[in-house]
Structure formats: structure tokens, C-alpha cells
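One-letter residues, chain by chain:
There are 2 protein chains.
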Amino acid sequence: MPFGATPVPGSSRGDLVVIGGAEDKLGKRAVLADFVRRAGGEQARIAVVPTASSLGDEIVEVYAAVFAKLGAAEVYGVRPQDRAEAFDPALVAELDRATGVFMTGGNQLKLGTVVAGTPFGDALHDAHRRGVTVGGTSAGASIQSSHMVAFGPGGATAKQRMTQVAAGLGLLADCVVDQHFAQRNRYGRLLMIVSQSPQLLGIGVDEDTAAVVTTDEDGRQRLEVVGRGVVTLLDGSTMVTDAHAAKEHRPILASGVVLHALPAGSHFDLTDRTLLPAPTVGDPAEADELAVANRDLSKLARDIAADDASPSVLRRRVARRSRGARP
Amino acid sequence: MPFGATPVPGSSRGDLVVIGGAEDKLGKRAVLADFVRRAGGEQARIAVVPTASSLGDEIVEVYAAVFAKLGAAEVYGVRPQDRAEAFDPALVAELDRATGVFMTGGNQLKLGTVVAGTPFGDALHDAHRRGVTVGGTSAGASIQSSHMVAFGPGGATAKQRMTQVAAGLGLLADCVVDQHFAQRNRYGRLLMIVSQSPQLLGIGVDEDTAAVVTTDEDGRQRLEVVGRGVVTLLDGSTMVTDAHAAKEHRPILASGVVLHALPAGSHFDLTDRTLLPAPTVGDPAEADELAVANRDLSKLARDIAADDASPSVLRRRVARRSRGARP
Chain P
27 MPFGATPVPG SSRGDLVVIG GAEDKLGKRA VLADFVRRAG GEQARIAVVP
77 TASSLGDEIV EVYAAVFAKL GAAEVYGVRP QDRAEAFDPA LVAELDRATG
127 VFMTGGNQLK LGTVVAGTPF GDALHDAHRR GVTVGGTSAG ASIQSSHMVA
177 FGPGGATAKQ RMTQVAAGLG LLADCVVDQH FAQRNRYGRL LMIVSQSPQL
227 LGIGVDEDTA AVVTTDEDGR QRLEVVGRGV VTLLDGSTMV TDAHAAKEHR
277 PILASGVVLH ALPAGSHFDL TDRTLLPAPT VGDPAEADEL AVANRDLSKL
327 ARDIAADDAS PSVLRRRVAR RSRGARP
Chain V
27 MPFGATPVPG SSRGDLVVIG GAEDKLGKRA VLADFVRRAG GEQARIAVVP
77 TASSLGDEIV EVYAAVFAKL GAAEVYGVRP QDRAEAFDPA LVAELDRATG
127 VFMTGGNQLK LGTVVAGTPF GDALHDAHRR GVTVGGTSAG ASIQSSHMVA
177 FGPGGATAKQ RMTQVAAGLG LLADCVVDQH FAQRNRYGRL LMIVSQSPQL
227 LGIGVDEDTA AVVTTDEDGR QRLEVVGRGV VTLLDGSTMV TDAHAAKEHR
277 PILASGVVLH ALPAGSHFDL TDRTLLPAPT VGDPAEADEL AVANRDLSKL
327 ARDIAADDAS PSVLRRRVAR RSRGARP
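Chain order of the listed sequences is P and V.
In terms of this note's numbering, the first sequence is residues 27 to 353.
In terms of this note's numbering, the second sequence is residues 27 to 353.
Simulated from the structure, these hints should not be mistaken for lab results.
In this text, all values refer to a predicted model and were calculated from it rather than measured experimentally.
Watch out, some of these pointers could steer you wrong.
The list makes no distinction among identical chains, and a pair is therefore deemed to hold if it is satisfied within one copy or across any two copies.
Stated by the list, open to error - For lysine to any residue, the following SDA-like pairs were computed, each having C-alpha atoms within a straight-line distance of at most 20 Å:
#, residue 1, residue 2
1, K273, H293
2, K95, L52
3, K273, R187
4, K95, G53
5, K273, A304
Generate the whole structure from the sequences, applying the supplied hints.
Okay, here's the thing in C-alpha cells:
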């Protein structure tokens, strides 16, 4: 939703920008530019939360530079370091003036253990509800889902106990987000989690790619893809699995999982879990050809209506149309 | 089907053993043991076709040693080196006495260009039709499908033009087989092929794993999984894709692909493309408990029928049952 719209209950939720890590900061910056635009563009006041990171000021400075370059009005760091700080009213109040909140990468378990279930965590939910754009990359992406991958190895095969799940902030309900998805080959661990919890939608986000979640007036959620890679969805709604019985470290049966690999520009209805039609962009040459043919056909129709369409006129017309269509 | 059954039209096809490469040759040898058993066990006469390999006699010797160890009666090499040799009636006739044919790994494009569309290729089809077990690993797996991955890089993301498809032998219709699936991270290239040709079932076979395809009397085909890894199926029947329009090297949209990850012991109906129930193997402790309870209930029913079930008898009975159920 455009930033600044009057908050209406059920329609005021801000966008969620779920970035798969390693987003471009020097080149086209498609993903971060999208975040800044959604956070208010030239009016954006962006709070950077570097809690997941082992760096602090340095990483805030990097994002401050990039967001400023992209036109944001103000960028500032807000960094709860432990749960005590996440309960500090002064620090929590720092989020009040933000039009966008950006959570950096690092260790999502640190971010979760510091902010989840604290006034700071509640303030992030409040901000999202009042229309603030909330984004995050890598750890800052994982934390947004209701169920969070804590850690676990890569690999294409889902194996029993290969990964650990913890609770996320839950800005995005009924799902589990994984990041660096293609780059770290995380099909297996996401499939393991969906097999154990088929009610969760698995969302795998590639590097330099964002799953942007918007909420319609009626509360329906859509996912749009921005950036270089794809967003992979694993929908286990109607799957069959032996995840309750598979032996430790052995492959898990996962049959009937619906897979969606969505590149930039894809739109997906998260409520119905179906692909939405993309805005049609036709081939310009084909469109020109069609326009010529249509113009000619209109002329022909007028001629026929005026009753002057002799066989020779028709022949010439058809010949001209063929030439027009195959230049 | 058991080797040696009377060939009945439509029911005589031999099993296809599609191995994802790097099958165990020294340890449990589950995959190769399964192949030898299907090829006739102690009566097996196995023709090893090493055409895909840059090695020749050496690789035949390796399989000869393993198959002999596993009890096969005879193992011999048959090696067409070019199309001229694949037209040689004497060499082709070497397949006549085989009860099993095993195609080694190597370069599937070499195997395809040498044998496909030759009398040797036809003889492989004939052998399969008369009940001979046909197996192959890696290149020898790829060649069995109607459409064959020629080459292409790994990676989780399906990208336009990342891989080349050639024609396989087509022992297995309407599908494309990929091998070393998890180990070489080939989700992307299999998904690319299925996106371009949604009528093909994508079959990704892990190393030391086999997709065994059997044909029922009514011509229905089933796939059974043997070995250490999984067989991954990608069914694009109802998918949405932009594979006709995606730009070179860019990710392809693939939405609504049905994914099946099938570990050892899984059975899948290839005709309906649905999972088949596995033979139920209950928890032995749970089964014992149920048997005790059933025995006791039978006694109780007899007692009630004999009208001697006083309240005190019932109480004792229930107490005994509880003790039995929770040892």
C-alpha cells in the first residue's frame, strides 16, 4: 500500500519486504530501491535494526549510505542488544517516527532471542499494523515468519532432523521463510520443515531477491517478487509424508508438494496459494503487425458495408495485408 | 515382474532399473543386488554395455566382479563403439541370451549417438519387451527416458537455456531422467526441462539410489525406490510457466509443479502420477499391545455371550487389560 494512506482497520498493514540476503548495494540496487520506495521514498525515515549482526554501527552506516543514495530522508540505527534493552521504553519509542524498519542479516536466533516477545517486538508488530514498511535481509527475513529456521545444513534432500525450527516474530503468519535459498541449496531443509508441518507455506528466497508481501483492504495477502533470483514456494496442503516416522538422518517421504518457482514480476495470492496473472506485456513487433491487420480489416469492413468490395479489391486488400504482416 | 514368467502380450515387459550413479559396489550393494535379483538371480546372464564410458574392459571387469559376487551366473561385455558396430548383426545378437542388460555411466550423449536408432538400440527395446531387466547408472540411466538431459550446469534455480535436451532410447516414455540429482544439485535443470515440456515427468535420481519401473499386466507402470537417497519427481501437468518467453539465462516462472520426494520403499503409480500406499509396517510394541487387548476383548465377548460377566469379573478384566497394555 502507498505510504501515508489513512489507516483503516484491516487495510493499514505495511508491506513486508523479505530479502534472501546479499542484496545488491552498489549496482542497480533493485531490491533496496523497492524497499525505500515502499517506506515512503523521499519522505522515508528508516530505522535500521542491526541486532542480528555481530557488527553494529558499521552495518548501520552501510545501510545509511545506501538508503540515503536511494533518496530516503532519514536513516538511523536502533539496536537492542539483549532482552533488557528490548524492554527499554526509550529505545522502543525510537520506532515511533519510522516509516520503514529494516532488519539486517546476521544470526536470526540472536534476533529472535533478543526481540521476540518484548515491547520492542510488539512495537514492530504495531508499526506493521499502522502501515510502516518492515523489511529485512537474511536473518532479518527469517525472523518475519511465524516459524523460523534456526540453523541446519544445505542439500537438496529432506532428511529427518537436519534442521531446527524456532519461533519467529510472526509478522507473516503460517509460513516458514528460508533465505540464500538457491545459493546455499536449501531445498532439503525447507522441504523437511514443510513435511513436518504441512500447514506452513515454505518460502525460499534467493539472494538479491525479495518476496514483498502486501495486504489488501479485505485482508488478503499477495506476494510479489523483486530482484535477480526466484522465490520458491513449497505448499504441503495436500501432501503425503512419513515425517513422523522417518529415521534420524534418513530421507523423508514428501509426496504431492506443490512447488512454485517465481522470478521477478510474479504475483502470487498467499490466501488462495495460487499464481496471479502478471500484467500482460506483449511483443512490440507482434503488436504492430496486429494493429496494421486490424486497420486494414476495418477498412475492408467499411468497404463491404459500402458495398464496393469487388473481387479484385478484396484480392488487392489481402495481398496488402500479407505484405504488412510479413515485412 | 519375476523373471521367467510366460511372456503375455502387454505383461511381459522387463523391469527398468534407473540408477542415479555412484551406486555402492563394496558395501551393502542394495541397488545392484536388486538389479541382479530382477535379472534372474542365480540364473542371471548379464550383458554389460560400457559404450558411454571412456573405459571399456576395465569397467566391464568391475561390474563382472560385483555381479558375480551377487550371484549372477554369467556376466559379459557388449560394446558397440560407433554406429557401424551398432548395426553389426553378430554384436547385436549378443543381447539375445541376456536376462539382464546393464548400461554403465559415462557420457550419455555418446551412448545416444552410438546406439539410438540402430539395430542394437532396437534389440534393447526387444529385450525389454520380452521380459529382460534393463538397468543403467548415470549415463545409463539418462538414456532410458524418452527425453534425455545431454548436459547443463547444476543449481537450484531453473534458468532459460541452462541445459540441453536430446532424444533418449525411450524405454521409459514421456519423461526425462536426471541423475546424481541431490549430489550435483540438479533441481534447476530438471525444472527448466519440465517447464519447457510440461507433458514430461521429471525424474531426478540420487546417487546410490534406483527408480525401478515395473509394468503391470494391464500396462500400468509403477515406480519403486531402492537405495540410499530419494527419487524426486516433478509433475508439471497443471503448471503455469513463462518458459516460452523467459529471457536467456534468466530464471523461469514455474508455478504449480507437483513435487514428490520418494525415499527407499516408496511406490508410485506412474500412470496416475500418484503415491501408492506402502506396505504397512507397524511399531512392533504397539502391535503386541493391540494383540493382548484383542485377546482379552475376545474372552470378554465370549464371557458376555455365556452370560457370566458379573461387574466384578468385568472390573478384573479391565484391570488386567490395563496392565497388559502398559507393561
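Between copies, within a copy, both or neither: which fits K95 and G53 at Cα up to 20 Å?
Answer is within; shortest intra-copy Cα gap is 12 Å, inter-copy 60 Å.
Treating 20 Å as the Cα threshold, decide for K273 and R187: within, between, both or neither.
So K273 and R187 pass the 20 Å test inside one copy only (9 Å; across, 39 Å).
With 20 Å as the alpha-carbon cut-off, assign the pair K95 and L52 to within, between, both or neither.
Answer is within: at 10 Å inside a copy they meet the 20 Å cutoff, but 61 Å across does not.
Using 20 Å as the alpha-carbon threshold, which applies to K273 and H293: within, between, both, or neither?
between (38 Å within a copy, 18 Å between copies)
Can you tell me if K273 and A304 fall within 20 Å by alpha carbon in one copy, between copies, both or neither?
between (43 Å within a copy, 16 Å between copies)
Checked against the numbered hints above, the structure violates none of them.
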